[in-house]
Amino acid sequence: MTGLSRRTFVQSVATTVPLLGAACSSLDSAGAAAGGAALDRATLGAMAESVLPSELQPDGIDQTVAAFLAWLESYDPVAEADHGYGTGELAYLPADPAPAWAAQLAALDLEARKRTGRAFAELPADARRDLLERHLVREQGTGFPVPHEAGHVAIGLMAWFYATPAATDLCYRARIGKETCRDLGGVVEQPQPLGERA
Amino acid sequence: MARTIETDLCIIGSGITAAMVAEHVAEHRDARILVLEAGDESVPLGERGLRRQRFLDYGENAWLHDHVDGMEVAGIQSRTMQVGGQAMHWGGVTPRYSPEDFRVRSLYGIGDDWPVSYQDLDPFYQEAEERLGVSGAQGPTDLDPRGQPYPLPPLPLSWNLEQLKTWGEKADIPFWSQPSAKASQPWRGRAACCRSDTCAPICPVGAKYSPDFTWNALRQTSQFSLIPRTLVRRLVPAEGSSQIAHAVAVNRDSPDDPVEIRARTFVVACGYLWSPYLLLLSAGGRYPGGIANSSGLVGKYITGHRNVVGYVKLPFKLFPGMNAQHSLVTKHFMRPGPLKRYLRHDLRIWESTYAREPRFRDEQGRLLLGDATMTDWRARTTDGVARLRGYYDVHPAKDSGIVLDASRRTPWGDPLPRLTLIDGDASRELRGYSEESIEGVFRRMARAGGGEVLRVRQDAFQDHPAGGCRMGDDPSTSVVDSWGRTHDHENLFVVGAPTCVSASCANGTLTFSALALRAASKIAEAFPERPAG
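Line by line, the protein sequences are chains A and B. Residue numbers are given in this note's numbering: position 177 of the first sequence equals residue 177, and the series is strictly consecutive. Residue numbers are given in this note's numbering: position 48 of the second sequence equals residue 246, and the series is strictly consecutive.
Worth flagging that the hints you see were computed from the coordinates, not collected in a lab. Everything numeric in this text was worked out from a predicted model, so none of it was measured. Among the clues, some could well be false.
[Said to hold, decoys possible] A few chain A positions that, by computed beta-carbon distances, are all more than 10 Å from chain B:
id : residue
1  : A37
2  : A38
3  : P58
4  : A66
5  : A103
6  : K114
7  : P124
[To be verified] Ranges between beta-carbon positions, derived for each pair:
id : chain 1 : residue 1 : chain 2 : residue 2 : range
8  : B       : A553      : A       : G185      : 44 to 50 Å
9  : A       : L110      : B       : A553      : 17 to 23 Å
10 : B       : D560      : A       : P94       : 24 to 30 Å
11 : A       : E189      : B       : L652      : 26 to 32 Å
Where is the CB? At the ideal position from N, CA and C, for every residue including glycine.
Could you build all of it, start to finish, from the sequences and the hints given here?
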């Protein structure tokens with residue numbers, strides 16, 4: 001990993017999972033947990049290797065995929081959305097993206113098998129990426145949508161990852177820790193650089 | 199048959215101004231206090247960490263059930279109706295208005311003067327800052343006059359804001375830490391700020407003031423009660439008297455059994471929209487135009503402030519996310535001295551990620567996957583971006599406000615309000631000049647400090663609306679006096695935002711709270727002092 005302690009990143013992503021777990025337990029009690037289709041872990045993991053930065057290393061990519069799946073599992077379709085200033089409208093979240101995303105992963109894998117006779121997860125990195133790019137050609141825009149509104153699972157995974165505090169720290173190679181509860185004491189100092197290679 | 203509740207002081211609404219009145223009166227007077235709230239209880243403090251996380255993860259509403267179905271208003275800016283009101287998910291920003299706001303007609307020939315001065319309000323500003331736990335930095339005294347120091351030390355400037363302060367002051371504009379009702383150290387049972395970056399909509403630790411802190415404390419006392427899910431639909435005057443005899447409410451859990459509340463004093467604390475709405479809805483008998491409406495001005499002169507937002511590319515790097523909702527502020531343009539053409543505005547600076555967000559496709563349309571995404575993001579974050587925003591005041595036309603719209607009804611059959619904001623002639627003529635001038639300030643700052651204005655925009659709405667029951671000394675041109683007492687009904691007060699004559703060019707909540715506390719000092723006079731000890 002360049003300019004990043006893999007341990008730091010893994011710890012950072014791992015802190016997200018218990019929070020999601022807590023959210024899960026609350027939703028379960030309300031009977032509102034998403035019950036969407038399961039995403040194929042092997043295909044998703046192979047796709048993650050193609051779309052996430054390699055400096056995460058395999059451990060970090062695995063952690064990211066696990067946290068992404070936990071996030072998706074806790075998605076509550078049509079929950080009331082935040083309504084802020086400037087509008088009197090109430091808005092609701094969209095449908096569970098999991099079925100469409102699961103179908104896209106299945107399509108990736110099926111197309112890989114038809115083209116090469118091998119599963120998507122078994123393709124060399126270049127071939128995986130070429131196939132994936134063909135599937136993403138219709139994705140519009142430049143910036144990431146909010147993850148659950150992503151049209152394709154690859155964009156959803158990337159959007160989810162790049163919204164994490166860990167991704168921001170990785171980009172800036174600094175311990176900013178956005179959206180994490182921190183005391184005020186350290187706020188006056190320039191954020192410390194991330195550690196060197198673990 | 200109606201269920202009857204008797205009390206001494208009935209406060210309608212449970213937002214921040216209601217909390218100020220209740221707390222002040224409860225501390226000083228021996229009176230039974232009843233608060234009625236149409237909405238539900240708000241999310242308890244212990245659950246806010248989880249609600250915040252779901253807001254971050256999914257964009258869910260952090261405040262479950264914070265609205266009442268069917269209470270929909272064309273033109274309204276927020277649907278929030280819950281215990282604590284909009285101050286449950288406010289940003290916690292608490293500037294004072296400036297002395298000029300109260301004398302704009304005398305000084306600049308625009309709008310109307312208030313019947314109170316900044317000096318009159320100063321002790322109540324101070325009291326509000328104490329009750330809300332405001333952390334603030336004293337600005338230059340000529341720009342930021344105040345009688346006493348802030349109760350809490352300022353929120354420290356982040357490293358980012360320190361860089362931005364140096365940058366902004368190259369344009370000879372002084373900036374300082376935005377005063378905020380976020381505790382910089384533990385304060386009256388509240389935790390210190392943990393810079394969660396989610397002050398609005400939800401503070402996970404209770405460092406930001408919200409009215410539930412006041413309500414929870416008052417609920418420990420025998421003289422106080424708060425009833426949620428109870429919507430007041432009418433104020434009813436006494437026979438042969440101008441006094442308000444009782445309020446009629448509907449409990450949402452038993453809508454067929456009306457509730458009648460009898461009190462010595464009634465306080466309407468429902469914000470700029472629902473306060474005049476209730477007075478208009480109470481029309482009938484001797485008051486065909488509505489309660490407290492002999493002037494015909496209930497629901498009129500509602501206004502806010504518009505904004506101009508600029509994003510400026512900086513000649514140095516920032517690390518966005520250090521305390522993202524905290525900002526710098528200046529009152530340099532709120533106290534401009536003599537003017538050839540009227541323009542007063544505030545100015546704030548935040549760190550920003552504008553045009554610095556990660557992306558999956560570049561300008562040439564190439565997909566950015568794997569390492570390319572991060573490489574592209576890093577290349578675009580070698581310099582920083584500042585977000586600048588100036589609020590400028592809007593002086594309204596008389597008919598700027600609400601009317602009852604009989605074509606749209608609440609679930610209980612009452613007409614809903616329709617809100618239409620209309621600029622007064624002077625403000626309409628000044629709008630283009632105001633927005634161009636503020637944009638000019640952004641460009642001046644970019645020239646002085648280095649940088650480039652990337653984008654300028656204006657929001658379509660007016661922020662922090664106020665008015666609708668404006669205060670004044672003349673009953674023919676105002677609804678309430680300077681203490682919030684209605685001219686027409688001795689035992690009926692309106693407090694907070696609706697009583698404002700104008701909405702200044704800065705966030706209004708502290709001023710609404712100070713006005714409510716000034717009203718509370720008068721409301722309290724009707725009740726005996728608390729026994730010593």
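Hint by hint, here is what the structure shows:
1. With a least beta-carbon separation of about 18 Å from chain B, A37 (chain A) lies farther than 10 Å from that chain, consistent with its non-interface assignment.
2. Listed as outside the interface, A38 (chain A) is consistent with that label: its C-beta sits roughly 19 Å from the nearest C-beta of chain B, beyond the 10 Å cut-off.
3. The claim that P58 (chain A) is not at the interface with chain B holds, since no C-beta of that chain comes within 10 Å of its own (minimum 14 Å).
4. Non-interface call for A66 (chain A) relative to chain B: holds, since the shortest CB-CB distance, roughly 15 Å, exceeds 10 Å.
5. At the 10 Å boundary, the C-beta of A103 (chain A) stays outside the reach of chain B, the nearest C-beta of that chain being 20 Å off.
6. Chain B leaves K114 (chain A) outside its interface by the beta-carbon criterion, the shortest separation being 22 Å against a cut-off of 10 Å.
7. Against chain B, the non-interface label of P124 (chain A) holds: every CB pair exceeds 10 Å, the least being about 14 Å.
8. A C-beta distance of roughly 31 Å is found between A553 (chain B) and G185 (chain A), which places it outside the suggested range of 44 to 50 Å.
9. A beta carbon spacing of about 39 Å between L110 (chain A) and A553 (chain B) contradicts the range 17 to 23 Å that was offered as a hint.
10. Range check, D560 (chain B) to P94 (chain A): Cβ separation about 27 Å, and the 24 to 30 Å hint holds.
11. One distance hint, 26 to 32 Å for the beta-carbon pair E189 (chain A) and L652 (chain B), holds here, with the actual separation near 28 Å.
Violated hints, listed in ascending order, are 8, 9; each of the other numbered hints is respected by the structure.
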